[in-house]
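A.B. asks: Two independent chains are provided; combine them into the complex using the hints.
First to last, the protein sequences are chains A and B.
The opening residue of the first sequence carries number 24 in this note's numbering; numbering runs sequentially from there.
The opening residue of the second sequence carries number 4 in this note's numbering; numbering runs sequentially from there.
These aren't lab readings, by the way, just hints derived from the structure by calculation.
Just so you know, not all the hints are guaranteed correct.
[Unchecked claim] A few chain B residues facing chain A, derived, Cβ under 7 Å: (1) H58; (2) S77; (3) H360; (4) D361; (5) A391.
Even glycine gets a Cβ: it sits at the ideal position worked out from N, Cα and C.
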Amino acid sequence: MQQLYQQVILDHSKSRSGEGELSSPHGESFQVNPTCGDECTVQVAVEDNRLSHFAWSGRGCSISQASLSLMYEMVDGEPLDRAEHLGETFRELIHNRGQELNPEKMEQLEDLSAFTGVGRYSARVKCALLGWMALRDALVQAQRTTSGPGQAPETQA
Amino acid sequence: MNDLLELASDFPLLSRTVRGGKPLVYLDTGATSQKPESVLNAERTFNQTHNAAVHRGAHQIAEEATEAFEAARSAVAEFVGVSFGEIVWTKNATEALNLVAHGFLNATLERGGSEASRFRLTSGDEIVVTELEHHANLVPWQELAAKTGAKLRWIPVTEDGRLDLEQLDVITERTRVVAFTHASNVTGAITDVPRIVERAREVGAFTVLDACQSAAHLPVDLHELGVDFAAFSGHKMLGPTGVGALYGRQELLEALPPFLTGGSMVEVVTMEETTFMPPPQRFEAGTQMVAQTVGLHAAVDYLSAVGMRQLSAHEDHLARLMLEGVAGVPGVRVLGPTSAEDRLAVVAFDVPGVHPHDVGQILDDQGIAVRVGHHCAQPAHRAFGVHASTRASAGVYTTPAEIEAFIDGLHRVVKFFA
Numbered sequence: 024m025q026q027l028y029q030q031v032i033l034d035h036s037k038s039r040s041g042e043g044e045l046s047s048p049h050g051e052s053f054q055v056n057p058t059c060g061d062e063c064t065v066q067v068a069v070e071d072n073r074l075s076h077f078a079w080s081g082r083g084c085s086i087s088q089a090s091l092s093l094m095y096e097m098v099d100g101e102p103l104d105r106a107e108h109l110g111e112t113f114r115e116l117i118h119n120r121g122q123e124l125n126p127e128k129m130e131q132l133e134d135l136s137a138f139t140g141v142g143r144y145s146a147r148v149k150c151a152l153l154g155w156m157a158l159r160d161a162l163v164q165a166q167r168t169t170s171g172p173g174q175a176p177e178t179q180a
Numbered sequence: 004m005n006d007l008l009e010l011a012s013d014f015p016l017l018s019r020t021v022r023g024g025k026p027l028v029y030l031d032t033g034a035t036s037q038k039p040e041s042v043l044n045a046e047r048t049f050n051q052t053h054n055a056a057v058h059r060g061a062h063q064i065a066e067e068a069t070e071a072f073e074a075a076r077s078a079v080a081e082f083v084g085v086s087f088g089e090i091v092w093t094k095n096a097t098e099a100l101n102l103v104a105h106g107f108l109n110a111t112l113e114r115g116g117s118e119a120s121r122f123r124l125t126s127g128d129e130i131v132v133t134e135l136e137h138h139a140n141l142v143p144w145q146e147l148a149a150k151t152g153a154k155l156r157w158i159p160v161t162e163d164g165r166l167d168l169e170q171l172d173v174i175t176e177r178t179r180v181v182a183f184t185h186a187s188n189v190t191g192a193i194t195d196v197p198r199i200v201e202r203a204r205e206v207g208a209f210t211v212l213d214a215c216q217s218a219a220h221l222p223v224d225l226h227e228l229g230v231d232f233a234a235f236s237g238h239k240m241l242g243p244t245g246v247g248a249l250y251g252r253q254e255l256l257e258a259l260p261p262f263l264t265g266g267s268m269v270e271v272v273t274m275e276e277t278t279f280m281p282p283p284q285r286f287e288a289g290t291q292m293v294a295q296t297v298g299l300h301a302a303v304d305y306l307s308a309v310g311m312r313q314l315s316a317h318e319d320h321l322a323r324l325m326l327e328g329v330a331g332v333p334g335v336r337v338l339g340p341t342s343a344e345d346r347l348a349v350v351a352f353d354v355p356g357v358h359p360h361d362v363g364q365i366l367d368d369q370g371i372a373v374r375v376g377h378h379c380a381q382p383a384h385r386a387f388g389v390h391a392s393t394r395a396s397a398g399v400y401t402t403p404a405e406i407e408a409f410i411d412g413l414h415r416v417v418k419f420f421a
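Okay, chain B solo, but in the shape it has when bound (with noise of 0.2 Å):
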């Protein structure tokens, strides 16, 4: 398979053993990805030579921080197909989608002048989500309709872990908000995003994806997808932990009220009111995580050297090994589609009469690591009929030899148990 990419060595952490010698087998990129030396190195270099706070000081080195911040907004933005001005700093994507919300939740409370008048909900608007949703973007708009008399409503799951989009019609002309996974990080499904943006625009809804699973598995084109919004997180695409990042159609960061607000995102303060300053600053209050935006300037670098379809295409036939590993164990049941089209190569899996807990400790003791639990997807969960699952999920360098050593140890798990 010339599919095939062989990049573990440029990952220091996964060379360790683990659980008394044995080789570390990584399964839980799902949850954070390993970083690459040149994201480390990155890191270093800029602390070492470099740090200072951005856009304020008249020294040298606060000019180069800043230069480094603002050349990381634009390695991002171009990474994911949008203009430089339209990438938002959080911490990460929980952040930027909570910045969202709050916006809307702002906006209603007549926050942001008449320009957000378009953001305002009242009791007869309702907000669609998805049965699929990772808790990040899902509670955010329960409270948001809490606090607004919006209705909650949501695209349910099919049997084999996609969005129905059959049920489309949820999304009705009192639709203001569809905020929807792009990836599921419990199934691995694949989004059909243009379907969905379409049945939004046909009712005027506003359109927040969730790109936290897609952004360093897939080719990803937010302009070409046309969502109003996106978020996703460093530490997922290989970059730090500490930083994330919401993408927002220019015209709506334009007439968005702030969220966090303070230092850094003003313009005039008086001791009566305040001005803001235009975005993305207006949405960056405080001193800001620049080490963690370097590095993942350095990630998508990486990401980008590698290329996102052939990462994409090493990927899906992790994917398809992993389906078919976990097919020939006995009984096991897979949370989601059982073949690899339309699918990253995540793999949520029930054990029967075997807990999850228990399922990863044996795996845990031959150095494999996995996920177990709800993976902040409940609802996911309960629509399987379960409460918690196994998950493996592969990364850039993950290799078919370890998709063989989960598999055997998988065989191992059954066999303890039986």
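Chain A on its own, in the form it takes in the complex (with noise of 0.2 Å):
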């Protein structure tokens, strides 16, 4: 068990970084499972091309909470691309069945790579990419809305 519940994943579900709503979002996406009734939103500004501010609410099992709550400290104020270029890399964590990726890939992964034994369980593999969906999401429709010029929208906590 110590294996799936990592400490750092048990830290970040107890003690969560990044929580909160955003004014005015350039993205915003709401995603639920349906299994277990979980659900999250994710709210995003960009800003030349990068993830300007972030935030999220939701509610769920430690590791969708701790999945969301690591992304907040991975991605927040970083390049867009890299950004995405992270989700890929842990959906493809997620889906190995249990196994690490290459030590390239586990490096970059930091933190994230304590989600490797999720991948044992394919119930919880939903759990671990909750939030990962919501942000792939909500990123599409802030490149959509983004064309024109926005407002810095502002965290309130």
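C.D. replies: Now the structure itself:
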């Protein structure tokens, strides 16, 4: 069990980073896991091809909450292509049936590598990926809406 | 305790191990039951020696298959205390409940002739359900209300997870249908069916009972309960998946328009129109799930041989052990009655600060299979102020030692996430 519930996951599920709401996000996505009713909302603002502001809210199991919390720490303020690339690598890890990816990818994932064991439990794959699905969806929206000038949104924790 | 049964060895699956050699403790019978060897054998024997399409064909095995199919109907009818022609095969209880709701809808659309007019709904009519319903006995009625303009109302749930029968005045002269569960799949509470039936009869409303959770755990006599329609699923009562049944009072089935249409349920078909068979065939369109009905026959034979009173006493004992055990785990809140009276051995609970998915995962690691999530009853969970819960549910094969393993496991969950 310790393999699944790594300390970093337990820590992030209890003390979460990035929870809040943006006043005028460029993109927003609500995702729900119908099997357990878990849900999350991810909001993003983009500026100069960077994810300038990021906030999330939601409820769910330790895996889904820790995944959102770590996602915030990894992508907030990052260039869009890096955030998207990180999402792809994380998805690859979670679908890898509990096996690590190559060392280069594991290094890119940093603390997200703690989720390696989740891939062993097919029922938990969606938990780990729920927030990342929301991020991908919110970014698509943001890129659509930010062709014109927008105001810089502010975070309200 | 001489109430207790020792039947696990009749169920082959229960001897397997999980998660690296741990003995399986199966406490998810509320979702689906395991099947005794006699059920597995009955299906296999049917397929090996009698398999044919029923009610057609002039050959010997077609006759044998038809006899087996109708013998199963007879056995199931007897098991729930009704007549042979009052049992309609469906693929599960969900389909049975949809069949009734669509019967009302089709009558409202003026199908089924004048005898179906008793099922027509208009915008002044009301349909009453309950806050404890499984989605299968809620969503079809929401849909029916939306399509006919009838209004949906409901009986609320009390703090201890029972239907609030002080609020029976939601059933009024406007009520045409009262659809309710015999036993909640979340709280385990057993409904006082005669009281609701009495109120429904006073106002001339039809009653529809979801007997999914009760049929395998209590003696059920549908004629004695006095409901108009009832639904149950084979796989929750030691039978196969893919077969369920609808009970309908004979005169009502005769008047109800069909739901699924096509082969097997027709008399004369022209290019313009079709006349339909009498019930139950009117409601059994297409090639039927014959082997599964034969399996369900074996399942009700098994349950009858055990004896439903004996079985119910066994599960009562298990319910007490579960409730006592859960009460001893710090902080855990039972969603439902905390005493075993009028209650099944179905115990849903909340571990504050620990998500049910995580509770289930730690139990699974110890070989203990429970259900996590909303158990297809989101409104019931909302009434308790939670989105999801963990549920342990016992069956005829469950032993006190398994309940003990579950309680030990639950203590471990609380420690792990402390």
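A.B. asks: All the hints need checking, so say for each whether the structure fits it.
C.D. replies: Now for the hints, and whether the structure bears them out:
no.: 1; hint: H58; verdict: violated (39 Å)
no.: 2; hint: S77; verdict: violated (38 Å)
no.: 3; hint: H360; verdict: holds (4 Å)
no.: 4; hint: D361; verdict: holds (5 Å)
no.: 5; hint: A391; verdict: holds (5 Å)
Violated hints for the displayed structure, listed by number in ascending order: 1, 2.
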